[in-house]
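J.: Fit chain W to the supplied structure of chain P, relying on the hints for placement.
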Amino acid sequence: MRGFLKGFSGTLGSVLVTLFGLTVVTFLIGRVMPVDPVIAAVGDNAPQSVVEQTRIAMGLDKPLPVQFADYLWQLLHGNLGMSILTKNPVTHDIAHYFPATFELATYALILSMLIGVPLGVWAAVRQGTVTDQVIRIVCFAGHSIPVFLLALISLIVFYKALGIAPGPGRQGIIYDGMVPVQTGLLTIDSLLAGDTGAFWDAVAHLTQPVCILAYFSMAYVARMTRAFMIDALKGEFVITARAKGLPLRSVIWAHAFPTVAVQLVTVLALTYAGLLEGAVVTETVFAWPGLGQYLTTALLNADMNPVVGATLLIGVIYVGLNLLADLLYRLLDPRVR
Amino acid sequence: MFARLSNWLLDEAPSSRRQANWANRYRIWLALKHNPLGMMGLVIVLLFVFMAVAAPLLATHNPAAQNLDLRLAPPSAEYWLGTDELGRDIYSRIIYGSRVTLGMVVSVVIIVAPIGLAIGAIAGFFGGIVDKALMRITDVFLAFPRLILALAFVAALTPGIESAILAIALTAWPPYARLARADTLTVRNSDFIAAYRLTGGSNWRIVFRHIAPLCMPNMIVRVTLDMSSIIITAASLGFLGMGAQPPSPEWGAMIATAKRFIFDQWWVAAAPGAAIFIVSLAFNFLGDALHDVLDPKGD
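Heads up: the sequence lines are chains P and W, in that order.
Start counting the first sequence at 1; every next residue gets the next number (the numbering used here).
Start counting the second sequence at 1001; every next residue gets the next number (the numbering used here).
One chain only, chain P, in its complex shape (with noise of 0.2 Å):
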C-alpha cells in the first residue's frame, strides 16, 4: 500500500504540473494571438476612447505576468468570464450546455465497448483468418471516416430516405421544455417526471449521434482489445489452461480476457477523451445543443472566453480521466501495486 501511495502521488505531481500548463495555454490562446479581446468586445466601430476604458476594465493594460496571475485567481474561485455572445458567465453557460454534451458521449462510450470489446477478442482468436481481415476492415472504416460524413449519410439514409429515425435536435418540438431540468440528462430527467412519451423521444433522438459516435470510438477499442489479447493468448497460463483440456471459451473469457481488462481500462479514458472530440462535430451536423455547439458558435463570432473555458474544461476532463485510469490501474494490476 505504502508503494501504491508512492507512485501515486508521483502521478498526481505531475497531473498538477500539466494541470498548470494547461491554464498556460489556454491563457496564451485567449489574451497573446493577434485577435484583439477588446475590439472583440466592443466592435470595430467603437471609438478610441471606449476602447482605451474597456481594456483597462478588462485588465488588459497591465504586464502579461499580471494578466496571467489574474486569470488564475479567477480561475480558482470558478469564474472564466463572460460571454459575449449570451451574455452570461461562461461557467453559468457551460453548466447549461456540458449535460447534452455528457449524455451523447456516455450513452456511445458504452455502446462501444459493448460491441468493439468482444469483437476485438473475437479477431484476436480468429487472429489471421477471413474473420480477422473483416474485423480489421470495419475498425479501419471507422478510422478513415469524418465523423461529420457519417452523420451526414446517416441522416440522408435514415431520416429523409427511410423516415424511420427523428431529425436533428435533442428532443421533438411537442416535448420541448416539457420536462423539469434536475440532472439535464433528458433520458434521466424523464423518467424522474415520469413521463415516458418523453423518455422514448429522447431515446429515438440519441440513437443516431450515440451510434455514429459509438462506431468511431468502437474502431480504437476493438483494434486495441485485439492487440492485447493477442499478447494475452501467448502466455504461458493460457497454454496451461487448454493443456488441462479447458474448453476454448472459458479459456479466454475466464483466463485470458481478464489479464486484457486491466488494460482496457486506460483504453476507457482515452476513448472517452475521443468522444468529446468526436461529439463536437457531431453535434453541430445534428444541431445537437451541447458543448460542441457552444464552443463552435463561440469560434464562428471570436468570442474567445467560451472558447478558452470549454477548450481548458475538456483538457481538464482529459487529465482527470488519465488520472483515473492510472489509479484503477494500480488498484487492479497487482504487478504494479
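Derived from the structure by calculation, the hints contain no laboratory data.
Careful: at least some of the hints might be erroneous.
[Said to hold, decoys possible] Computed cross-link-like contacts, DSS-like style, restricted to lysine-lysine with a CA-CA straight-line distance of at most 30 Å:
no., chain 1, residue 1, chain 2, residue 2
1, P, Lys160, W, Lys1033
2, P, Lys234, P, Lys244
3, P, Lys6, W, Lys1033
4, P, Lys62, P, Lys87
5, W, Lys1132, P, Lys234
The model shown is predicted, which means the values in this text are computed figures rather than measured ones.
T.: Chain W in isolation, oriented as in the chain P frame:
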C-alpha cells in the same frame, strides 16, 4: 538484367553500404508486396499524389469557373460528378482539392516529424531534468483532443489554410516526441553508442548522427498512420469553417457548403466525402502494412 539486380540486392554479404541500404529497402518491398491491403493502400496513395501533381492535365474544367445556368446539375457526360451551387464542375474541384489536402498534410509532417524527433531524442538521451521538463510540455499538449486544440488555435489566429496547418502541427508533434524518446531509451546505453563516445563524438553529434536515424523506421510508420488523422482533422476544420475558406476546393469545406442542400442534391457532398474516405483509408492500410513489415516485434 532483372535477375542480376535481384541477386545483387539479395546478396548475403553486401560489399558496400549503398548495397546494404538498397537491399534493406528491397526486402521491405518484397514483404509489402505480399500484403494485399497494404498494396491497395500504396496504389491509392500514389494515385492521390499523381492526381495532385497532374491536376491541370486531369481536370476537365476550370475548378473556379462558374456556370450559373447549370447549378446543382446531376452527374452527366459533360460534368462527370455534377455541378455545385455555383455551377462549378465537381470532378475538377475534387482533382484540384487533392492539391490542397496533400499540401496541408505534407506541410504538417515536414514541421512535426523533425521537431518531434529532436525533442524525443534529446529528452531520451540526456535524461534527468531535461527529460522531465520536455515530457511535461509534451503531456500538456497531449492533454487536449487534437481537433479541440486546433480549433482554439485557429480561432485565435484567424481561419485559413496556413493557420490550420500551424494549428494541426502544434497538436500533432507530442506522439512523435514520445515515440522517439522510447526508441532513444532502448539504444542509449548500448555498446556502439559507448564506442562513439570513446572516439570523442560530442553528445549532439551522437544524438543527431547516430540515434535519430535509428528512430526513423518507427517514425515512418507513425507518419503514415497519422496521415489519415491529419487529413480528417484538416477536413473537419474545413467543415466547421475554420480551415480552408470557401472558394478553395478543399474537400471538407466543399462538404460544408453542400450540407445546406444535402437532402435534395446529395451527390454534391458525396464526391468530396468519398475522396476523404478513400484517401485516409488508403493511408491507414499502407501504414498498417508498413507497421507489420518494419516492426518485426509484432510477429
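J.: Are the Cα positions of P:Lys6 and W:Lys1033 separated by 30 Å at most?
T.: 50 Å, violated
J.: Sort out whether W:Lys1033 lies within 30 Å of P:Lys160, counting only the CA atoms.
T.: Violated, at roughly 44 Å.
J.: For the pair we were handed, W:Lys1132 and P:Lys234, check the Cα-Cα distance against 30 Å.
T.: Not satisfied, since the Cα-Cα distance of roughly 35 Å exceeds 30 Å.
J.: Need the status of pair P:Lys62, P:Lys87: alpha-carbon distance at most 30 Å?
T.: 25 Å, holds
J.: P:Lys234 and P:Lys244 were given as a pair; does the straight-line alpha-carbon distance stay at or below 30 Å?
T.: 16 Å, holds
The structure is inconsistent with the numbered hints 1, 3, 5, although it conforms to all the rest.
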